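Please arrange chain V on chain L, whose structure you already have, making use of the hints.
If you're matching them up, the sequences are chains L and V in order. For the first sequence, this note's numbering gives the first residue as -18, with consecutive numbering after it. For the second sequence, this note's numbering gives the first residue as 218, with consecutive numbering after it.
Bear in mind the hints are in silico, worked out from the structure with no lab data behind them. Quick caveat, the model's predicted, so the values are computed rather than measured. A hint or two may mislead.
Claimed, not checked - Calculated Cβ distances over 10 Å to all of chain L for the following chain V residues: (1) Val278; (2) Gly292; (3) Leu312; (4) Leu438.
Claimed, not checked - List of simulated lysine to any residue pairs, SDA-like, C-alpha gap at most 25 Å: (5) V:Lys527 / L:Asp132; (6) V:Lys527 / L:Pro41; (7) V:Lys450 / L:Pro41; (8) V:Lys446 / L:Glu110; (9) V:Lys450 / L:Val106; (10) V:Lys527 / L:Asp169; (11) V:Lys527 / L:Tyr134; (12) V:Lys446 / V:Leu327; (13) V:Lys450 / V:Arg340; (14) V:Lys446 / L:Thr84.
Unchecked claim - Some chain L residues close to chain V (C-beta under 8 Å, calculated; not the full set): (15) Gly45; (16) Ala69; (17) Met77; (18) Pro88; (19) His103; (20) Ser107; (21) Tyr134.
Using N, Cα and C, we set each Cβ at its ideal position, and we do this for glycine too.
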Amino acid sequence: MSAPLLEVEDLAVEFLTDHGWVRVVDGVSFSVGAGETLGLVGESGSGKTVTSLSVMQLIPRPPGRIAGGSIRFEGRELLGLPEHELEALRGEAIAMVFQESMTSLNPAFTIGDQIGEVVRRHRGVSRREARVRALEVLELVQIPDPEARIDAYPHEFSGGMRQRAAIAMALACDPKLLIADEPTTALDVTVQAQVLDLLRSLQQRLGMGILFVTHNLGVVADLCDRVTVMYAGRIVETANVFDLFEGPQHPYTEGLLQAMPQLGERGKRLAAIPGTPPMPWQMPDGCRFHPRCPYAEAACAQQDVMLTELGEGRSARCRRVHELDLKGAE
Amino acid sequence: MLAFILQRLLALVPLLFIVSLLVFSLVLLIPGDPAYMLAGESATPEEIAEIRSDMGLDDPVLLQYARWTGGVLRGDLGTSLFSDQPVLEVLLERLPVTLSLAFAAILVSLLVSIPAGVIAGTRPGSLADRLVTLGASTGLAIPNFWLGLMLILVFAIWNGWLPATGYVPLTEHPGAWLRHILLPAITLGLSAAAILTRQLRGAMIDVMNQDYIRTARAKGLAWRGVVLKHGLKNAAIPMVTILGLQANYLLGGTVIVEQIFGMPGLGQLAVASVFTRDLPMIQGVVIMAVFVAVFVNLLVDISYGYFNPKVRPQ
Chain L
-18 MSAPLLEVED LAVEFLTDHG WVRVVDGVSF SVGAGETLGL VGESGSGKTV
32 TSLSVMQLIP RPPGRIAGGS IRFEGRELLG LPEHELEALR GEAIAMVFQE
82 SMTSLNPAFT IGDQIGEVVR RHRGVSRREA RVRALEVLEL VQIPDPEARI
132 DAYPHEFSGG MRQRAAIAMA LACDPKLLIA DEPTTALDVT VQAQVLDLLR
182 SLQQRLGMGI LFVTHNLGVV ADLCDRVTVM YAGRIVETAN VFDLFEGPQH
232 PYTEGLLQAM PQLGERGKRL AAIPGTPPMP WQMPDGCRFH PRCPYAEAAC
282 AQQDVMLTEL GEGRSARCRR VHELDLKGAE
Chain V
218 MLAFILQRLL ALVPLLFIVS LLVFSLVLLI PGDPAYMLAG ESATPEEIAE
268 IRSDMGLDDP VLLQYARWTG GVLRGDLGTS LFSDQPVLEV LLERLPVTLS
318 LAFAAILVSL LVSIPAGVIA GTRPGSLADR LVTLGASTGL AIPNFWLGLM
368 LILVFAIWNG WLPATGYVPL TEHPGAWLRH ILLPAITLGL SAAAILTRQL
418 RGAMIDVMNQ DYIRTARAKG LAWRGVVLKH GLKNAAIPMV TILGLQANYL
468 LGGTVIVEQI FGMPGLGQLA VASVFTRDLP MIQGVVIMAV FVAVFVNLLV
518 DISYGYFNPK VRPQ
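Chain L extracted, bound-state conformation (with noise of 0.2 Å):
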């Protein structure tokens, strides 16, 4: 594994909401090496996205602040850069693909336009050298006749027609860190499977690291080398994605490897984590999962637990993780 192009340590973000500033990332620690795919899993609200805007530094403010931690790419500390740095690094060496591909494109502007501009921006060409750098990542990412669409506008794309112009864009500038904030939920499976494809096989080419941020285990087994899982605002565990799957040392991500649909099980109830998860201004105290956690004992309502290490890269936050035996997938 080559050096760690992004590092997060220890990052809180904060929310301002009627119960006042809410923490709802708290202590989250990851990094990503160049040509590394890091999968980034949690469930709605486990704050997985405000961590992946934060590298960004895209988080709204107001009503977010980050406040505490530090985030360094290539060395460099990110928190604290002033806005125009920042700005010069958005798009340029970190680029960021989103959830909804409708939305995200601007549809009073054309791809072309779109795509151009980005290039313009970084690389300060003329607006036809920006139009045939947009030709080049447009074929890259495997849209049929990019000479007729180049003009299309959004809204003349189908989704995943849009998400791989929206990769394009991304991967103008050639960026080393691609930010990828499930890029492939809002679409059909096959189109899915499509996407997933193309950004492997543009990492291989490509070399760039890519932090991914999803909900579904299955897309993490199929891109990922590492897997980061959250669970209420802060990290229950890292492992690589083989170990992970075999042997999960988190009741969480054990509870998550369970709850996959699995093919050639029919009739069979899929497994659920019961309950849900708690509100950012009422966790519960000691271990957060602990009322949903099939092994919980009393202690575990008591006392924070910290992350575990266990060697080879691998950390879980549970304080029974020298006990369980949890079952993997199959």
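Below, chain V without anything else, positioned relative to chain L:
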């Protein structure tokens, strides 16, 4: 685009037919007989009857309508009962006054509402936003005849910076034109500015929360560029609709503003013609107003396609 415009123009035919019916029936609907007006108070019934038959008022209504419409189509709007001048000639003399007033008023409203709406809409809840919102409510509440009188009082009478009344054609002396048009344009444009500001503020707040704004930020664009390019073009769509409606209200507003500032435009002509029961002239003014309104709406429809590619004809 050309086909789209042609299609729009064709759609006008039935509209203009209905308008012609309404305008023509003014003759039948308004009280008083134009022949009495023309003949004067001491006229004998025989004289009046003669004038009636001269004017064709004894003919069947359908024939009168056909004769009148035929004239309109040939550009003959009749002759003023009052001054004996051809109606069209008088209208064309006065049209530039009203058009330059209306366009200057629209310009004023845009120059005020775009910056104000953008500033307020990108910082909702801020002091600037509250000031703009307060200003817009005030602007809406002020009647334009009162505002016109106040402006005359302050800028013309007390300080003497600008003329209180009159009009100089743009082609004759651009500087003098500007000095004369400024106060009327502000008077007429202020309420439109207030309405447009509110509209743009709301649209801007909505647009700035859209995902594509976040995308634009993720591309490394500066806040300013994001607002002015990605925000404003989308927020302009509802604003253009309101602008089209406002343009029609502005035309109506010229009637009052031209009276206050003594401008020889269509509005003043309309008022004068009503008082003298100069029927052909009233008909002419109404037709001219309809044409201008229809033209403005056409411009609005065309500009939709620019701002919103989804409605662009394929």
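> Any hints this thing doesn't respect? Which numbers, in order?
Replying inline: Violated: hints 4, 6, 15, 20.
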